[in-house]
Each structure stands twice: as structure tokens, then as C-alpha cells.
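K.L.:
If you want the building blocks of each chain, they are given just below.
Protein chains: 2
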Amino acid sequence: MRIAILLYPGFTTLDATGPYEIISRLPGAETVFTAKEAGPVRNDQGNLALVADRPLTEVTDPDIVVVPGTGDWEPVLRDRETLDWLRAADATSTWTTSVCTGSLILAAAGLLRGRRATSHWLALDLLKEYGAEPTGERVVTDGKYVTAAGVSSGIDMGLSLVGRIAGDRHAQSVQLLTEYDPQPPYDAGSPDKAPAEIVAFWREEMRRTT
Amino acid sequence: MRIAILLYPGFTTLDATGPYEIISRLPGAETVFTAKEAGPVRNDQGNLALVADRPLTEVTDPDIVVVPGTGDWEPVLRDRETLDWLRAADATSTWTTSVCTGSLILAAAGLLRGRRATSHWLALDLLKEYGAEPTGERVVTDGKYVTAAGVSSGIDMGLSLVGRIAGDRHAQSVQLLTEYDPQPPYDAGSPDKAPAEIVAFWREEMRRTT
Numbered sequence: 774m775r776i777a778i779l780l781y782p783g784f785t786t787l788d789a790t791g792p793y794e795i796i797s798r799l800p801g802a803e804t805v806f807t808a809k810e811a812g813p814v815r816n817d818q819g820n821l822a823l824v825a826d827r828p829l830t831e832v833t834d835p836d837i838v839v840v841p842g843t844g845d846w847e848p849v850l851r852d853r854e855t856l857d858w859l860r861a862a863d864a865t866s867t868w869t870t871s872v873c874t875g876s877l878i879l880a881a882a883g884l885l886r887g888r889r890a891t892s893h894w895l896a897l898d899l900l901k902e903y904g905a906e907p908t909g910e911r912v913v914t915d916g917k918y919v920t921a922a923g924v925s926s927g928i929d930m931g932l933s934l935v936g937r938i939a940g941d942r943h944a945q946s947v948q949l950l951t952e953y954d955p956q957p958p959y960d961a962g963s964p965d966k967a968p969a970e971i972v973a974f975w976r977e978e979m980r981r982t983t
Numbered sequence: 774m775r776i777a778i779l780l781y782p783g784f785t786t787l788d789a790t791g792p793y794e795i796i797s798r799l800p801g802a803e804t805v806f807t808a809k810e811a812g813p814v815r816n817d818q819g820n821l822a823l824v825a826d827r828p829l830t831e832v833t834d835p836d837i838v839v840v841p842g843t844g845d846w847e848p849v850l851r852d853r854e855t856l857d858w859l860r861a862a863d864a865t866s867t868w869t870t871s872v873c874t875g876s877l878i879l880a881a882a883g884l885l886r887g888r889r890a891t892s893h894w895l896a897l898d899l900l901k902e903y904g905a906e907p908t909g910e911r912v913v914t915d916g917k918y919v920t921a922a923g924v925s926s927g928i929d930m931g932l933s934l935v936g937r938i939a940g941d942r943h944a945q946s947v948q949l950l951t952e953y954d955p956q957p958p959y960d961a962g963s964p965d966k967a968p969a970e971i972v973a974f975w976r977e978e979m980r981r982t983t
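Chains as they are written, first to last, in the working numbering: chain A, 774 to 983; chain B, 774 to 983.
Honestly, I wouldn't trust all of these hints.
[As the list claims (entries may be wrong)] Pulled a few chain A residues facing chain B out of the computed Cβ check, cut under 10 Å:
no. : residue
1   : T786
2   : P800
3   : G801
4   : A802
5   : L821
6   : T830
7   : T833
8   : L895
9   : L899
10  : K901
11  : S925
12  : G936
13  : D941
14  : D954
15  : D960
16  : F974
[What the hints assert, rightly or not] Okay, the calculated bits of chain B under chain A, using three or more residues with CB under 8 Å as the criterion:
no. : stretch
17  : 783-793
18  : 823-830
19  : 885-892
20  : 929-942
21  : 948-959
22  : 970-980
Please keep in mind that the hints were generated in silico from the structure rather than gathered at the bench.
All of these numbers come straight from a predicted model, not from anything done at the bench.
Here a beta-carbon is modelled for each residue, glycine too, at the ideal position from N, C-alpha and C.
Pulled out of the complex, with its shape left as it was, chain A reads as follows (with noise of 0.2 Å):
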């Protein structure tokens, strides 16, 4: 079960390692974190960076990819080179996946054309631009496409595909091993559930700077 997790400049970091921790736990896992370029990938808020083992050209037939989000998106989605490593990989993927706006990246490389998708929910509407139909559940499965929400949703994602692949009985050893028992200690994860004007002041940034 080879696994490929792409990075690019500007990543958001939970995107990628949330889901990895949990789907490299598969039985027989061989995880890959691989760019363009091998070598250090810094993220989003420029103070980490998290190393490429091999290059885009070397990681070929993964049977999962996954494709973290970013707030930046412009530039990787006009990126030829990873469009193109994707849509090879997709070609003889089990799973193609992404988190957060990771969906953005997949759209644009067509694969999510007519198909159910989900995205970051300041981001839902763009999927529209790409042909996909966005909702606003937390994991969303269309056929072998499993979009995540924002950020942390990765890890529900993880969780879920670790199910299907290995069966519950081994999707629950992973959850008791990583000691997911989410108790957070607000209530404001999602628009529904946040304040409204913290929803709306965030809703107003997005509009602001895209």
C-alpha cells in the first residue's frame, strides 16, 4: 500500500500530517512525502518545513495520494508540472484524496468534474469553477475521490479510509493508538456552530483578499 502525500510551498502543515498520521498506520503502509524538488517544503506560515523524501518523477503508481490545502492556492493550481504528477498518479490510484483546499488542486486538474466534493467552507463556492458539486459534509466519498474539510477533518478522513481499506477492528486500534477522543473545548468548528460574526468577519476577509 504505497501512500504519496504531496507538498508544495505554502501548504497549510495539519492538512498533511493529520491524515498521514493515521493512513501510514495501515498495514503495510510505505508513506511518501514528495515535491516537485526533493528537499525541505516550507509551509504556509513560513516557520516549518517538512522534508520531500523523493521527487514528483520518482513517486509513480501510489495506490493513495493525498493533497494537502493551502490559503494561497493561485500559484499551485496554475503549477503544470504537479497537475500533470497528478493526474498520472490518478490514473492508477485506489484513492485520490485531498484536505481543506487540497480539493481546489484536484479540480484543476479535472479529476473532480460532476463529482460530490468538499473544500474548506470559505472555499466551498470556488469548487463550482471546476465543475465539482461542493457540500458542506466533513468527509465526502464519490466513487474513488475522498475530499476532507478544513484543516483538522483530515484525521476523520484518515480514520474513515483506514476503515474501508483494514476493517473497523483495525481502524479502531489506530484511533485508540493516536488517542483520538476529541473533546475540544469550544464549540465553534464549523459555521454552523461558530458566533455569527465571527463567521461573517471571516467571510468578509475571504472576500477582501481573493
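We have chain A; now place chain B onto it with these hints.
P.N.:
This is chain B only, laid out in the frame that chain A set:
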């Protein structure tokens, strides 16, 4: 608000990146990943390296210290340079924190003597050997020491810290932006909730390997 996240060979990825993704969004946060030597530090699984941007010697007086855990804690518990740095950083920190078996490292540095603390459920008993008082809660605060349970619990700890430092409103904003509205597809994230035979299996594994 200077945040130092400790890296060492064999750290568990999500222990470090979970709280990172949350607390690095504190107002005015300056976050640095640090290790004995600057450069890539490989994780427990060996298939991912995070870059420590600065050596421990250059990271002095952090306001918040975060210590991730590992499944192989013996080397770091014996590492005098890391423990010395931790004691020095703790001497001036506002918050000294850990995720998972990171609390064993805090305890080995002598920082949890007589304090209530938590750890990965499989390692709770070990805390006693260093004079801490283990408790099964997910996030435990005793004075300025905040310890979190296994792996994923660092996200809850991070959000709790953001609330204490920057107020509920800011914490709710961070929760909304990271879409932390967890919906695990299973309910096996703690030894109280997981099927008994899975818990027994891992307890036996723990006995066999330590």
C-alpha cells in the same frame, strides 16, 4: 509570544504538528522548531522529517514550550543536553507543555514532581516513576504545566491554551479556521471506549516491548 517546539529523533509527528497548527495562530506568535542541531529531524516512523530551524542553543527564553512524545523515549530521557535546555527554558516560560509521552520527558527533567499530569494511556504509570501524579484526563493543567494525553490530544490542548492566552473569541476563530469540528467515524479513542480485546492487545504489546 515566542513558542518553541522541541524536536528530537523519533518524535511522533502529530504530537508536534497538532498543537503547532493551533497555537501558532496566537496573536503575535513567533514559532520556532528547535532541536540539538538545526536541520531535518526524522520522526518515529522514519518516513518524515521536520526541519528544526534553530539549534537549542539559539532558542532561549521561550514563552511557550511544547514537547512532543515518542514511542521510544529511553534515548531522549537520557539526553542531558535536551533535559538541560528544557529546564532552562522552563525557568522563564509562561507555559510548559507536552503531548503524549512528552510528559515523560518533562518529568525526567524534574519538572512534574508532585504535579498532576497525563500522558499516552499506555505510559501513564511511568509518570509515577518521576514523581508525577498521573491522571487519565485528556488535558491536564497544574500551574503553568499543561500535559495532554496521546497523539491527537495536542489539538485540544492547543485550543485550550489559545483560549486562556488570547480569550474565547480568538480560540473560537482558530477553531473555525481549522474547521475543528471532529466527527470520528468510530468511538474507540480511549481505553474506556475501545473494544476490550483491542485495549488488552496493546497493553500486552506494551508489556512485551518495554
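K.L.:
If a hint holds in the structure, say so; if it doesn't, say that too.
P.N.:
Now for the hints, and whether the structure bears them out:
no.: 1; hint: T786; verdict: 5 Å, holds
no.: 2; hint: P800; verdict: 14 Å, violated
no.: 3; hint: G801; verdict: 13 Å, violated
no.: 4; hint: A802; verdict: 9 Å, holds
no.: 5; hint: L821; verdict: 6 Å, holds
no.: 6; hint: T830; verdict: 19 Å, violated
no.: 7; hint: T833; verdict: 17 Å, violated
no.: 8; hint: L895; verdict: 8 Å, holds
no.: 9; hint: L899; verdict: 16 Å, violated
no.: 10; hint: K901; verdict: 19 Å, violated
no.: 11; hint: S925; verdict: 4 Å, holds
no.: 12; hint: G936; verdict: 6 Å, holds
no.: 13; hint: D941; verdict: 7 Å, holds
no.: 14; hint: D954; verdict: 3 Å, holds
no.: 15; hint: D960; verdict: 8 Å, holds
no.: 16; hint: F974; verdict: 8 Å, holds
no.: 17; hint: 783-793; verdict: holds (count 6)
no.: 18; hint: 823-830; verdict: holds (count 3)
no.: 19; hint: 885-892; verdict: violated (count 0)
no.: 20; hint: 929-942; verdict: holds (count 6)
no.: 21; hint: 948-959; verdict: holds (count 12)
no.: 22; hint: 970-980; verdict: holds (count 4)
The structure shown violates the earlier hints numbered 2, 3, 6, 7, 9, 10 and 19.
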